[in-house]
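Listed below, chain by chain, are the residues.
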Amino acid sequence: MEEQGNLLEIRDLAVEYHTDEATIYAVNHIGLTVKKGETIGLVGETGAGKTSIARSILGILPMPPAKIVSGEILYRGNELLRLPEREMRKIRGNKIAMIFQDPMTALNPIETVGFQIAETIRQHDSVSQVEANRRACDMLEMVGIAMGRFGDFPHQFSGGMKQRVVIAMALACNPELLLADEPTTALDVTIQAQVLEMMQSLRERLETSVMLITHDLGVVSEFCDSVAVVYAGEIVERGTVEDIFDRPGHPYTLGLFGSLPRLDATERRLKPIKGRMPDPTNVPEGCRFCDRCPRAEDRCSKSPPAESEIAPGHAVKCFFAPQR
Amino acid sequence: MRKTRKKSKLKDLWRRLKRNKLAVAGLVVLALLIFVAIAAPLLAPYGYSVQDSKASYAAASPEHPLGADKLGRDLLSRLIVGARASLMMGSIAVSIAASIGIAIGATAGYFGGWTDNISMRVLDIYQSIPMLLLCITLAAILGPSLQNAIIALGVCSVPGYARLMRASVLTVRDKEFIEAARAVNAGNARIILQHIVPNAMAPLIVEITMGIGSCILAGSLLSFVGLGVQPPTPEWGTMIAEGRNVMREHPTLALYPGICVMLSVLSCNLLGDGLRDALDPRLRN
Amino acid sequence: MGKFIAKRLFMLIPVVLGISFIVLLLLAITPGDPAKMMLGTQATPERIAALRDTLGLDDPILVRFVHFLGQIVQGDFGTSFMTKRPVFDEMITRMPYTLLLVSVSLGVSVVLGIPLGVYAATHHNTWKDNGAMFISLFFVSMPVFWFALLLVRFFGVELRWLPLSGIDTWQSWILPIVATSLGFVATIARQTRSNMLEVVRQDYIVTAKAKGLPERRVIYRHALKNALIPVIMVIGNMFGLLIGGALITEVIFGIPGLGQYTIAGLTGRDYPVIQGSVFILSVMFSLVILIVDVVFAIVDPRIRAQSGRNNSKKRKVGNQIEEDPQEIEA
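Residue numbers (my numbering), protein chains in the order written: chain E, 1 to 324; chain X, 1001 to 1285; chain S, 2001 to 2330.
All the given hints hold, so there is nothing to weed out.
Examples of chain X residues toward chain S, derived with CB under 7 Å:
#1 Leu1133
#2 Phe1224
#3 Arg1244
#4 Gly1258
#5 Val1261
No lab work stands behind these hints, which were simulated from the structure alone.
For clarity, every value in this text was computed on a predicted model and none was experimentally measured.
Think of the CB as a built atom: it goes at the ideal place given N, C-alpha and C, for glycine as much as any other residue.
Please construct the entire structure, taking both the sequences and the accompanying hints into account.
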């Protein structure tokens, strides 16, 4: 059943968070594919459900309160959501690895960084401690940290350096897919560029597919091959970088560009998207973006639009999408 | 405007506390105890020191629901009146400790620098004496009486509140609204009393609730070793001490007052636990 | 590490001076004349004056302080009024019993409390967790002396399984240790549980899971180790509480330790005994806190960093890598 070249395929995934008071609809029946060697960007505002998507793939959603209510996630044809925990562990950190948003808190404060990298290696490859340590040193060097710092603790590193350690840890077993959850958001702008550059070169070297979660369109344009725009738990538009940047089809995507400063802009002012994302505990019946959409009509608030493909591989979830 | 906000905050707290059944149970038991203590003379079937030689060590009966002690004094009546001393020790000692502690903590935290440094070093030394040891020693040296027991308990509990208040003030001190108050030239005293203390109180509420429990516990111990309430005034710790001598034949004389202490401390702890959860911003949703 | 310990030892000096001063103040805050109180109402003014002189009650407080320090350094805490024996000697002979009671109780509390806390945390929000925590709260809320009396009544009088008091056999230690430690088992369990629940929410636990580590390793290696750091602190403070608890348990179970001595001194207003015991017990407590701080620094690298230069650690880490230089070169 595996489509040629698809490394990961998400079908109809829905995630809810149940608390005493309310149910949060975090991810609402989304579908997504990641091709081999491809970098796909997941773009959207904070709270749009991007992290929940990534964590569902790895099976590390906090359950409870989270609950996957439907969908399947196929990795090389294997249904990850039905995989027994034991098998899933062999994939986590080994075939699919993750980089987290905040490097300040992502490392165990009382273990040396070397130990934490070597631990991943020993978990997945049956090698001796010495060999694991040697490979951990290599990984450190690869991300630009002197191997002499193997025995240092996380608090002895700066934020950018910590993120390099996290990246080294994620890449230690040479995964096929890397989930990078806003890997640079918590860093200074100058450090961001360095870390991204490093990730780019490592990706090319190791031929890893990457799912890059971000709210920074600039990063997407530089780094990604394809893009999925996430809004309120739905993918409202997906396509190649060219599709999205040159021929955006969804009013929300357009809005995102309107709220970006451009060098070649003739307009003086940025146009922020008015309003805010719908309350995830109480999502509107129709189109999720309807309340903020400049083109909204009656039908938009009545029923949700279906996804339509406006060009091969370029799909938009909007009534006004130009039909093919 | 400010009042309504405070009100809604309290309402919010109550709403969250209500969901915790154990905490509500603690609150109910505590309220009941306070009621019993206040209305003791009306509730007690006998006077606490009324002796009846015929009823010496009487077993439980309609006349004496929980039996009577050596002198034939009604155990239930003594337990009811005994609630007064215990609750007084708990509440007054904590009030003393909390007000001194809050004053020290708020001053140290707000001014920082050497004020802070000196107060903390003094507290370090103070706390290097085991609390219960200091408490018993103070009570013994001041002389055995309810009043001195309360003073001893209060003085010993100060450091906990002071440290907590200081830590809490440190987190509040640099918030914008304090800057704003400073910008309109409010005096230090005014800033501390009106802005810092109210905003830093949340963690102290839990500590105070639990502190009442531990003061009741420590107070019963003082009375047990004869350093608290003096006979014939009934107090649960004293009653345990009296019952101790006849433990073999009449164990209930020591059993019931102990249960009373445990129930009151337990309800303080349950309520404190519940308040902590209700005040924890991370558990809010 | 050596520097850290040295620094920490140095900080002990003001604390010990402070304790001495407070101990001296205990006499000063006595309402009325301590000398009169000690000798009773029938004492002649001459005898009172003589005692005031021995106690140095008429000297300025600073003079007395210096004098007192001089005595402490020589291990001279005066002579007990009641037993007429030197306080220091008596305390030394009694010390082992108290140390045994306190340290075994502490050990029991740790050995039972930590696993119980982990168990509750790993079964969070189930009846097992709720039940364990509710029972713990019961034990925390119980007066120790009362619980001790109940134990004696049940196991000693009713079942005749264990001796009522004394220290003749090892069995006679069981009840005192149970009575002293049960509340602290509960305290440690509650603390461990809440720390575990706190730590489990941390990002690095998600990282550990994302690395593909088994649940067991995530919990015991990554979560528990971090959760135990604050527990170490609690254990230190508990030593102080245990000393307080030992005062009473020793009296109830007839253990001839420092606690019993202190209580006897307090009820008999035997000032040298009071001063000596408060001093010794407090210094013991301070030493334990010092040890806890050192353990703390060993376990938590962040604390070590705060205490400044620590070259020894860097070197040790270096060894770890260079264990096998050829391997790395290869």
